[in-house]
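J.: Sequence:
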Amino acid sequence: MMDLEGANKVIDRKEIEFLVVHNTLENPFLSVKLDTLSLPYLLDIYMASSEKKLFTGWAVKFIEDLVIFYDIKGNTHVLELNKITKIRPSTLPEGFLKPSGEKVALKMGNIFFKCPQLEKESATKSKLAILPTRTMGDKVQVSEFLSNFEVGFGKLKSYQERTYLYARPYLYEKKTKLGFTSYGDTYQNPTSVFPFYYQWSTGEPYRFQSFNQLGTVPNEYVPTPEPFFLARSDVKSHVFHATFVGNLSSLPAGTDFYTEQVSEIEKQYIKPKNKIQTAPSLNYLALMGGDYGPWSFSFGTYYPNYMVKYVNSDQGIDEFREILASKVSPIFRLMYTTKNMKIRGIYSKTSYNEANQPNDKQISVDPEVSVVGYLNSFDFESQFLRAGIEYQLTDLVQVGIDQIFLTAEYNETTSSNFLNQLSFDHYITNFFIRHWFGEKVTLKLYVNFVQLEEKVFVNNFSDSESLSEFPIGGAFEFVF
Numbered sequence: 001m002m003d004l005e006g007a008n009k010v011i012d013r014k015e016i017e018f019l020v021v022h023n024t025l026e027n028p029f030l031s032v033k034l035d036t037l038s039l040p041y042l043l044d045i046y047m048a049s050s051e052k053k054l055f056t057g058w059a060v061k062f063i064e065d066l067v068i069f070y071d072i073k074g075n076t077h078v079l080e081l082n083k084i085t086k087i088r089p090s091t092l093p094e095g096f097l098k099p100s101g102e103k104v105a106l107k108m109g110n111i112f113f114k115c116p117q118l119e120k121e122s123a124t125k126s127k128l129a130i131l132p133t134r135t136m137g138d139k140v141q142v143s144e145f146l147s148n149f150e151v152g153f154g155k156l157k158s159y160q161e162r163t164y165l166y167a168r169p170y171l172y173e174k175k176t177k178l179g180f181t182s183y184g185d186t187y188q189n190p191t192s193v194f195p196f197y198y199q200w201s202t203g204e205p206y207r208f209q210s211f212n213q214l215g216t217v218p219n220e221y222v223p224t225p226e227p228f229f230l231a232r233s234d235v236k237s238h239v240f241h242a243t244f245v246g247n248l249s250s251l252p253a254g255t256d257f258y259t260e261q262v263s264e265i266e267k268q269y270i271k272p273k274n275k276i277q278t279a280p281s282l283n284y285l286a287l288m289g290g291d292y293g294p295w296s297f298s299f300g301t302y303y304p305n306y307m308v309k310y311v312n313s314d315q316g317i318d319e320f321r322e323i324l325a326s327k328v329s330p331i332f333r334l335m336y337t338t339k340n341m342k343i344r345g346i347y348s349k350t351s352y353n354e355a356n357q358p359n360d361k362q363i364s365v366d367p368e369v370s371v372v373g374y375l376n377s378f379d380f381e382s383q384f385l386r387a388g389i390e391y392q393l394t395d396l397v398q399v400g401i402d403q404i405f406l407t408a409e410y411n412e413t414t415s416s417n418f419l420n421q422l423s424f425d426h427y428i429t430n431f432f433i434r435h436w437f438g439e440k441v442t443l444k445l446y447v448n449f450v451q452l453e454e455k456v457f458v459n460n461f462s463d464s465e466s467l468s469e470f471p472i473g474g475a476f477e478f479v480f
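Position 296 of the sequence shown, counting from 1, maps to 296 under my numbering, and the rest follow consecutively.
If you're looking for bench data, these hints aren't it; they were derived computationally from the structure.
Misleading hints may appear alongside valid ones.
As the list claims (entries may be wrong) - DSSO-like cross-link-like pairs, simulated, lysine-lysine; straight-line CA separation at most 30 Å:
| id | residue 1 | residue 2 |
| --- | --- | --- |
| 1 | Lys361 | Lys275 |
| 2 | Lys86 | Lys155 |
| 3 | Lys342 | Lys53 |
| 4 | Lys33 | Lys53 |
| 5 | Lys86 | Lys339 |
| 6 | Lys53 | Lys339 |
| 7 | Lys267 | Lys455 |
Kindly generate the complete structure, drawing on both the sequences and the hints.
T.: Below, the structure written as structure tokens:
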């Protein structure tokens, strides 16, 4: 406790018999001693995501979600706890402060008949002395009053701790949206027949938060910038976070995605110059990790599937393979988040193989035909790295850019003793700009630069292709 002279004292709670509450208009402390008792409670307070502290002071009262502070200059601040964006311990050294204030005289009321000294001092006070607004003379009242401070300081300390564990008070988009996506040419995901998505979030600043999406929308954690029909959920609580992204067209793990759509793929993808088709997709990925300040690291499980297709009518070749997610692949994510910026990197490596008679849970060659007896063996290796940055230029404009590097190689031996090889490299640059129009509408424009390098050696015939394109797309969002 601090007395009116600014000196700090420790009093055993059990020894307190009476409490008297006085309300003062001005700061009553003309001198404050900074020592090992007072410095642990001296805090730097930040508001509105500013890196400049609002004030340095002590919490002196708690009223529901309000905290009353005295700062070192003698000013009083009344703040909502959840409006504070950062709380840090003060770095002031031990010494004395001289805050502006007004010396006060306090009357103790009429309960101190057991304390002659206070009774005598109270009698000598002037008529201008401040009368108490509340007196507490039994153990229950005293205990309840002190417990309120104990609970208040506990909440403040817990809140201070969480400001270290969240890069922002709220990590996700808070507003509920209904969106419509449209893309021109697609090179990795077949066009969805349901081009809508719905997203919503829940939670409070520096507490449990969640973000959810359902529908056809791009995702920043997979090796393609194109939208697909997904379910996504992100959650954050204290130091922990988790992310789930599932392809609703190919759940659970091991389910094919391209095989059932092979006829549509031929209509959308196969052009006179495009004999080779390669693409990545997934069943789902799940990440879990921890955060501290702006840094976030997570790892998890990833179930990707891949398509390789080669059509050459001159050579009588029409081969389709979907490499299914027959086992888990590890995936890692690192992010750095500030008030206006987010930088992220995602990496995963996949390895599938079977040396003796692959089955239909490993390779798919046709919706109606089994791979059993068609292949003797296969092996597949791939890895991808995706790095991106998002930046909030103004309250109305956000921009971002991602770079995707994907490389893969597929080898197989057929029952006819052909050794077939298909390899591909995808280099994709994805740029977007989002603009808010008032509070109800946002528009998002995507521009991609797609470079594909593909090589095949099938049925003793070698071929290769290179593709460079600039597909564009967009999203129109209604905000609720």
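J.: Each of the hints needs a verdict: does it hold here or not?
T.: Here is what the structure says about each hint:
1. The suggested pairing of Lys361 with Lys275 holds, with an alpha-carbon distance near 26 Å, which does not exceed 30 Å.
2. The hinted pair formed by Lys86 and Lys155 meets the criterion: a straight-line CA distance of about 14 Å does not exceed 30 Å.
3. For a cut-off of 30 Å, the pair hint linking Lys342 to Lys53 stands: about 23 Å separates their Cα positions.
4. For the suggested pair Lys33 and Lys53, the alpha carbons sit about 22 Å apart, so the restraint of at most 30 Å is met.
5. Restraint check for Lys86 and Lys339: satisfied, since their Cα atoms lie roughly 12 Å apart, inside the 30 Å limit.
6. As the CA atoms of Lys53 and Lys339 are separated by approximately 15 Å, the hinted pair is consistent with the 30 Å bound.
7. Between Lys267 and Lys455 the alpha-carbon distance is near 22 Å, which keeps this suggested pair within the 30 Å criterion.
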